[in-house]
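Student: Given next are the chains, with one letter for each unit.
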Amino acid sequence: NAGVMQNPRHLVRRRGQEARLRCSPMKGHSHVYWYRQLPEEGLKFMVYLQKENIIDESGMPKERFSAEFPKEGPSILRIQQVVRGDSAAYFCASSPGSESSDGYTFGSGTRLTVV
Amino acid sequence: GESVGLHLPTLSVQEGDNSIINCAYSNSASDYFIWYKQESGKGPQFIIDIRSNMDKRQGQRVTVLLNKTVKHLSLQIAATQPGDSAVYFCAEEGAGGTSYGKLTFGQGTILTVHP
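If you read the sequences in order, they're chains A and B.
Note that the first sequence covers residues 78 to 192 in the working numbering.
Note that the second sequence covers residues 28 to 142 in the working numbering.
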């Protein structure tokens with residue numbers, strides 16, 4: 078039973094390029110959450126998605142960032158025209174979704190470095 | 028431990044000692060609390076959770092205490108082992124549908140266990 082799978086583990090992009098981060102939830106989980114972590118800080122919520130729907134994007138920057146969770150395939154967090162300040166670890170979590178107590182399982186993250 | 032500037036609080040213990048990690052939360056409406064362990068280069072790993080209708084919950088070698096009056100959460104680890112060395116985060120989730128899936132993470136505490 079594979080956990081939450083994120084790829085790539087490490088991603089290096091030059092300023093102005095696009096970054097695409099992928100997340101495959103645990104089997105049977107239909108709810109996906111993206112978080113960002115800066116060095117020596119806790120995780121900050123970005124967006125909550127269900128299949129084909131964005132439920133809560135209150136933590137997403139207004140520009141350059143978008144997320145999707147299509148009917149088929151992984152969830153994608155897309156950052157356009159990356160800047161140095163986007164360098165961070167991006168974590169995805171998934172849950173069955175019916176109750177909080179079902180828990181949130183996190184992936185190992187994608188470490189984005191913008192040079 | 029004590030925090031200095033932007034550095035995380037730290038706690039150093041000897042192997043076999045009991046550890047207590049503290050967390051203050053700000054939202055009195057928070058309904059669900061989770062402790063996570065994060066090792067270097069990995070995602071947060073679930074340790075134990077507690078709902079606001081409880082004040083204590085025990086797991087294997089871990090106990091979480093919740094004091095809603097002062098909005099304080101603590102994690103007790105019995106017989107701490109070197110493998111417990113990691114950063115520990117508390118996370119809270121508010122009550123109500125709009126808060127579901129949106130965890131607010133604390134600053135984190137670095138636990139170092141010396142053999």
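Just so you know, the hints here were simulated from the structure itself, not pulled from any lab data.
Just so you know, not all the hints are guaranteed correct.
What the hints assert, rightly or not - Here are the computed lysine to aspartate or glutamate pairs in the EDC-like style, where the Cα-Cα straight-line distance is at most 20 Å: (1) B/Lys-69 <-> A/Glu-117; (2) B/Lys-64 <-> A/Asp-133; (3) B/Lys-95 <-> B/Asp-111; (4) A/Lys-121 <-> B/Glu-66; (5) B/Lys-129 <-> A/Glu-149.
Student: Return the numbers of the hints above that this structure violates; sort them in rising order.
Tutor: Per hint list: 2, 3 and 5 violated.
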